[in-house]
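Chemist: For reference, the chains in residue letters:
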Amino acid sequence: MGKYKNIIVPTVVLTVIAGLVAALLAFTYEVTGVGDLGTGLTQEELAEYAPVVLPESDGSLQLYEYDGGAADLLGVYVNESKDGVALHIQTVGYGGKSKPIEALIGLNQNGEIQGIAIVSSQETPGLGTKIEDEEYLKNYQGISGSADSVDTITSATISSTALRDGVNFALEEFEKLKGEIFA
Amino acid sequence: MSYWKTFSKGILKENPVLVMLLGTCPTLATTTLVSSALGMGAATTFVLICSNVVISLLKRVIPKEVRLPCFIVVIAGFVTFVSFILQSYLPDLYDSLGIFLSLIVVNCIILGRAEMFASKNNVAASALDGLGMGVGFTLALFIMSSVREILGCGSWLGFSFGNWYEPMIFFITPAGGFFVFGTVIAVVGILTKKRPKKEFGCENCPSKDACAQKGGC
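Listed in order, the protein sequences are those of chains A and B.
Our numbering puts the first residue of the first sequence at 108, with every later residue one more than the last.
Our numbering puts the first residue of the second sequence at 118, with every later residue one more than the last.
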């Protein structure tokens with residue numbers, strides 16, 4: 108009897124509670140559709156970012172199927188007139204590898220940066236989020252080859268360095284794929 | 118204890134953050150901006166009320182040997198539920214809370230209220246206790262984040278004061294967080310006229326109802 112009360116009942120109760128909670132969570136997961144939130148950009152997001160990353164061209168961005176990219180290159184988009192490209196990249200900032208900064212970087216045919224949009228970031232509010240400031244992102248406009256000349260931000264050193272590394276990565280990737288897109 | 122007292126004790130007299138000094142980690146980490154502090158307060162209050170209600174309902178079913186694992190499973194369930202909801206409907210808030218949303222699971226305020234209050238009281242009192250503690254937590258976060266955002270960012274709830282004010286970045290760094298935290302605790306200490314006695318007796322301790330030590334601490 109002692110064994111029943113001290114070992115079996117607590118085990119059964121804990122198992123039942125854990126099972127119930129897991130079942131309810133599985134149901135919530137299905138209903139909210141959290142699992143379907145993929146890494147690609149939606150049409151609405153592309154329409155929102157297109158004027159920011161490629162201000163001089165009009166029209167929408169289309170996904171370009173490109174297989175050769177590194178893991179941090181999440182997607183390649185080209186505009187309608189085929190003279191501008193936007194690279195969707197991720198770079199590790201203060202949020203760590205599980206919460207990277209995602210940015211969309213627009214370049215023209217000559218590899219000059221036209222504009223940058225921060226798609227998502229989990230940097231510290233008030234500190235790391237300063238990299239999302241439009242005035243700061245304008246410092247990158249017109250840069251080609253390497254972004255090392257852009258200053259980082261005091262109080263957002265890790266986040267702004269991460270963004271600069273991400274931009275450098277995008278510039279390298281651009282060199283690899285420009286022959287294929289602008290052929 | 119009347120229902121009003123059950124609710125109101127969490128706001129000042131037994132404020133979980135400023136008097137009991139629980140949940141310091143989210144208090145320091147999410148109070149750089151008022152908007153994320155309010156989001157954190159709301160999420161924690163929701164989890165606190167729900168877990169208090171469920172644990173109060175289950176208090177006769179759960180054997181005492183496994184009560185802590187059971188509490189944590191219930192709390193973790195509600196936290197995951199909140200994070201699913203925020204991720205799919207309020208992604209901006211989800212982004213700004215980051216890892217601290219999932220860390221609500223190990224927030225000692227919630228486990229503390231489950232152990233000290235909900236497992237010993239009826240459902241209505243437990244829900245009120247959770248609401249009071251949650252409001253107290255949110256108010257503490259609101260005060261801290263207001264001071265830090267105004268002094269450290271030169272804005273409040275995202276509204277900038279303009280360029281004439283040069284923000285003191287110190288206040289949104291972790292060190293500034295501790296500084297503001299200590300100052301707010303001191304002000305609350307003055308307001309509640311709580312002074313440390315030469316011999317710190319049990320009657321001054323906010324946890325005296327739940328404590329089994331009887332002076333042995």
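By construction, these hints were calculated from the structure, which means they are not laboratory data.
Don't take every hint at face value.
Computed cross-link-like contacts, DMTMM-like style, restricted to lysine to aspartate or glutamate with a CA-CA straight-line distance of at most 25 Å [claimed, not checked]: (1) Lys237(A) - Glu282(A); (2) Lys245(A) - Asp326(B); (3) Lys204(A) - Asp212(B); (4) Lys110(A) - Glu283(B); (5) Lys237(A) - Asp272(A); (6) Lys112(A) - Glu283(B); (7) Lys204(A) - Glu287(A); (8) Lys206(A) - Asp212(B); (9) Lys237(A) - Asp212(B); (10) Lys245(A) - Glu232(B); (11) Lys237(A) - Glu283(B); (12) Lys206(A) - Asp209(B); (13) Lys204(A) - Asp179(A); (14) Lys204(A) - Asp209(B); (15) Lys206(A) - Glu279(A); (16) Lys112(A) - Asp326(B); (17) Lys245(A) - Asp209(B); (18) Lys237(A) - Asp209(B).
Chemist: Taking the hints in turn, state whether each one holds.
Modeler: Tested hints:
no., hint, result
1, Lys237(A) - Glu282(A), "29 Å, violated"
2, Lys245(A) - Asp326(B), "59 Å, violated"
3, Lys204(A) - Asp212(B), "14 Å, holds"
4, Lys110(A) - Glu283(B), "69 Å, violated"
5, Lys237(A) - Asp272(A), "16 Å, holds"
6, Lys112(A) - Glu283(B), "66 Å, violated"
7, Lys204(A) - Glu287(A), "30 Å, violated"
8, Lys206(A) - Asp212(B), "9 Å, holds"
9, Lys237(A) - Asp212(B), "15 Å, holds"
10, Lys245(A) - Glu232(B), "53 Å, violated"
11, Lys237(A) - Glu283(B), "15 Å, holds"
12, Lys206(A) - Asp209(B), "13 Å, holds"
13, Lys204(A) - Asp179(A), "11 Å, holds"
14, Lys204(A) - Asp209(B), "19 Å, holds"
15, Lys206(A) - Glu279(A), "23 Å, holds"
16, Lys112(A) - Asp326(B), "29 Å, violated"
17, Lys245(A) - Asp209(B), "23 Å, holds"
18, Lys237(A) - Asp209(B), "15 Å, holds"
The structure is inconsistent with the numbered hints 1, 2, 4, 6, 7, 10 and 16, although it conforms to all the rest.
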